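The primary structure of each chain is shown beneath.
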Amino acid sequence: MLQSFRLDHRGVREVLQGPEVRRAVDDVADTIAAHVRPQVPAGTRVSVHGYTTDRGAASVTIEDVRGMAWQARDGILTRAAGAVGLEVRAWQR
Amino acid sequence: MKTLTVFDDAQAAGATVLRTALAGRLEPFATGVTVGTKVPTTRVPEEVFRYVMVRKDTDAPHPSMANSRVTLRVTCWHEDDDQAHDLAMLCQGLLIVHSGTIIRGVRPGTGPLAAVDDVSGAPLSTFTVLANIRPRLA
Chain S
265 MLQSFRLDHR
275 GVREVLQGPE
285 VRRAVDDVAD
295 TIAAHVRPQV
305 PAGTRVSVHG
315 YTTDRGAASV
325 TIEDVRGMAW
335 QARDGILTRA
345 AGAVGLEVRA
355 WQR
Chain V
6 MKTLTVFDDA
16 QAAGATVLRT
26 ALAGRLEPFA
36 TGVTVGTKVP
46 TTRVPEEVFR
56 YVMVRKDTDA
66 PHPSMANSRV
76 TLRVTCWHED
86 DDQAHDLAML
96 CQGLLIVHSG
106 TIIRGVRPGT
116 GPLAAVDDVS
126 GAPLSTFTVL
136 ANIRPRLA
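Keeping their order, the protein sequence lines are chains S and V. Numbering of the first sequence is given in this note's numbering, commencing with residue 265 and proceeding in unit increments. Numbering of the second sequence is given in this note's numbering, commencing with residue 6 and proceeding in unit increments.
Because the hints were derived from the structure by calculation, they are not lab data. Note that the coordinates shown come from a computational prediction; the quantities given were computed from them, not determined experimentally. Incorrect hints may appear among the rest.
[Stated by the list, open to error] Facing chain V, a subset of chain S residues (Cβ under 7 Å, in silico):
no.: 1; residue: R287
no.: 2; residue: A288
no.: 3; residue: R319
no.: 4; residue: G320
no.: 5; residue: A321
no.: 6; residue: A322
no.: 7; residue: M332
no.: 8; residue: R337
no.: 9; residue: T342
no.: 10; residue: V348
no.: 11; residue: R353
no.: 12; residue: A354
[Unchecked claim] Pairwise CB distance ranges (calculated):
no.: 13; chain 1: V; residue 1: A28; chain 2: S; residue 2: R301; range: 17 to 25 Å
no.: 14; chain 1: V; residue 1: A119; chain 2: S; residue 2: L266; range: 32 to 40 Å
no.: 15; chain 1: S; residue 1: G314; chain 2: V; residue 2: R112; range: 27 to 35 Å
no.: 16; chain 1: S; residue 1: P283; chain 2: V; residue 2: K43; range: 39 to 47 Å
no.: 17; chain 1: V; residue 1: R112; chain 2: S; residue 2: R319; range: 20 to 28 Å
no.: 18; chain 1: V; residue 1: E32; chain 2: S; residue 2: D291; range: 40 to 48 Å
Ideal placement from N, C-alpha and C gives every residue a C-beta, glycine not left out.
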């Protein structure tokens, strides 16, 4: 029977900002980028940038002014995210 | 033995919701709008082009098959940036308040975000929503 539960906020933060989460997030972002690259014209750069907020995070960017149009028309980013089991939502605290 | 269930076409259902709801709207930017599920073959702004495209991007059925979580992407072409945005905002709201036999409920995903059609140069606005889809006994 549960007698007491105390969430270790400092420990959770340490894990979320730690190297294991960093690696896991980077791997997923790399996989998403790999799904996007065949969908854009040859020579178009698709880059991955890791960063840290209260946890490890990463962005996938199509480095082309037409990127937004490709997302609007073909959903290349949302589909690539969905292919690795992610759901795309606006960031909300 | 497991119960055989299927999910109806969320993309077609989303388009039907918007087609029906937009037909009853009086806003000037919402009149004469065509709703479809494919990229339009012509996108010439001079033809007073007003088009809403609904596409399913992802589909995640729950292992129990009691629900499927779908990402619907809605892209709105219009004559100018402001009307494209206003039409997209209206479509987003119309989807979010919808609850029906196929689409159980809808929550916001991303956007609306402005963009320019790289083929025609026409203004557009795009957003995504997350829809929960009801199963149907087959």
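Status of the hints after comparison with the structure:
For the restraint placing S/R287 at the interface with chain V, the shortest Cβ-Cβ distance is roughly 24 Å, beyond the 7 Å limit, so the hint is violated. A distance limit of 7 Å between C-beta atoms decides the matter here; for S/A288 the minimum to chain V is near 20 Å, and the interface restraint is violated. Interface restraint check for S/R319: the shortest CB-CB distance to chain V comes to about 20 Å, outside 7 Å, so the restraint is violated. Given hint, S/G320 at the interface with chain V, is violated; its Cβ is 21 Å from that chain's nearest Cβ, farther than 7 Å.
Here the hint on S/A321 is broken, as its CB sits about 16 Å from the closest CB of chain V, past 7 Å. Below 7 Å, beta-carbon pairs count as interface contacts, and S/A322 has none with chain V, the closest being about 17 Å; its hint is therefore violated. Evaluation of the S/M332 hint against chain V yields a held restraint, the C-beta minimum of about 4 Å falling below 7 Å. With a cut of 7 Å, the hint placing S/R337 at the interface with chain V holds, because the nearest CB-to-CB distance is about 6 Å.
Below 7 Å, beta-carbon pairs count as interface contacts, and S/T342 has one with chain V at about 4 Å; its hint therefore holds. Look at S/V348: its Cβ only gets to about 10 Å from chain V, farther than 7 Å, so that hint breaks. A distance limit of 7 Å between C-beta atoms decides the matter here; for S/R353 the minimum to chain V is near 5 Å, and the interface restraint holds. Proximity of S/A354 to chain V holds as hinted, the smallest CB-CB distance being about 5 Å (cut-off 7 Å).
Taking 17 to 25 Å as the suggested C-beta distance range, the pair V/A28 and S/R301 does not conform, at roughly 41 Å. Distance hint for V/A119 and S/L266: a CB-CB separation of about 51 Å, inconsistent with the stated range 32 to 40 Å. Separated by about 28 Å at the C-beta atoms, S/G314 and V/R112 satisfy the suggested range of 27 to 35 Å. In this structure the supplied range 39 to 47 Å holds for S/P283 paired with V/K43, their Cβ-Cβ distance being about 45 Å.
Here the CB-CB span from V/R112 to S/R319 is close to 22 Å, well matched to the stated 20 to 28 Å. Checked against the given bound of 40 to 48 Å, the beta carbons of V/E32 and S/D291, roughly 46 Å apart, stay inside it.
Hints 1, 2, 3, 4, 5, 6, 10, 13 and 14 from the list above are not met by this structure, while the remaining hints are.
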